Amino acid sequence: MLKPLNTWIRRAVLLPLTALTFGLAANAHAQTVTVGVQSMFAPWKDAIAQKAFEKATGWDIQWRNFDSGGDVMMAMASGDVQIGVAGSSPIAAAVSRGVDAQLFWILDNIADAEALVVRNGSGIVAPQDLAGKTLAVPFVSTTHFHALFALEQFGLTGKVKVINLQPSDIPAAWERGDIDAAFIWDPALGRLKQSGHVLLTSGQLTNWGKATFDGLVVDKTFAAANGPGMQAFTQVLQDSTAGYVNAPKTWTADSPQVINVARQSGAKPQEVPAVLALYQFPLASEQAGSAWLGGGAAKALNATAEFLKAQKKIPALLPDYSVAINPTFVQAAH
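Reading the sequence shown from the start, the letters are residues -30 to -1, 1 to 304 in mature numbering (1 follows the signal peptide of the UniProt record, and there is no 0).
Among the clues, some could well be false.
Straight line, CA to CA, 30 Å or less: simulated DSS-like cross-link-like pairs of lysine-lysine [as the list claims (entries may be wrong)]:
1. K131 to K103
2. K131 to K282
3. K238 to K190
4. K219 to K190
5. K190 to K21
6. K279 to K129
7. K163 to K219
8. K21 to K238
9. K163 to K103
10. K131 to K283
11. K163 to K25
12. K103 to K283
13. K238 to K163
14. K269 to K279
15. K103 to K219
16. K129 to K190
17. K190 to K103
18. K279 to K103
19. K21 to K129
20. K219 to K269
21. K131 to K279
22. K25 to K219
23. K282 to K269
24. K129 to K103
25. K283 to K269
26. K129 to K163
27. K129 to K282
Derived CB-CB ranges, DEER-like [said to hold, decoys possible]:
28. A217 to K279: 24 to 32 Å
29. A(-1) to R146: 44 to 52 Å
30. Q164 to Q32: 33 to 41 Å
31. K282 to Q164: 20 to 28 Å
32. H167 to Q250: 20 to 28 Å
33. V168 to S260: 26 to 34 Å
34. Q240 to G128: 36 to 44 Å
35. K238 to K131: 52 to 60 Å
36. G265 to K163: 29 to 37 Å
37. K163 to D224: 19 to 27 Å
Derived from the structure by calculation, the hints contain no laboratory data. From a predicted model like this one, the values you see are computed outputs, not experimental measurements. Quick reminder that beta carbons are idealized off the backbone N, C-alpha and C, glycines included.
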């Protein structure tokens, strides 16, 4: 459920004090930093398993699992999380409400890794067949944004029952027959595909002008107070991503990297390689350019926020979404 504007702002005001507390603690002992993660597959999960981030930063990192980016952003607003994974839609929604967070790393271009899948036997063979059906999505997620956009494109706004379910709850609802379709990501997506088929992908909807991505965001005050640690953290992201991008065929079901990703994501190793291939993972040099943190990401957040406002999911737009972008760390990564 969306938090009222005044609640978000009130929580956001507390963040500087939280970040300051962490900064003072670092002088006495290893700084404790909480990072919010999700179940999606990505190369950095291998680095998490190897404790590469702790080694590089010197932080005592608490890795906290969340079901969706909306939950991550609410935890960041309350000061419970300093760094977290969220999709472009929950990031746009949160910063529009006054959460003082910055996008500093593009985890992935979602492309075909998120899809609208329909249950076999549901009678849905074309988008128009969704009329009168029940579609599950995690609200304020990238798939929620794309689901609403797709329904708008096919003249189905208000004609489909769209319900809020977390990724971990969707497979059970699917098996019970409570839902006819879901717009979701792996590992839940893989389970639904076993008895369903893909109707649309985020890649297709991106080509229609509404791009989505997953990113890592950081509390602005925390980032300003912990520059060296943030730079080290970002370098590990660069190194782990390059390890996959430069040699994707070595990431096989029996490779240590894939086994680590599977364990971190609650999946089977054999599921991982094919899913990783659905994403696009930009490296730091690309992220620093105009397509991403050099301008494109801010434009994508603005376009997402405009759509969310039209859908009455957020109350107002920011004048400029570049305030939610921090390209400093990718610019220095190599």
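Go through the numbered hints given earlier and state which of them the structure violates, listing their numbers in rising order.
-> Violated: hints 3, 4, 11, 15, 16, 17, 19, 20, 28, 31 and 35.
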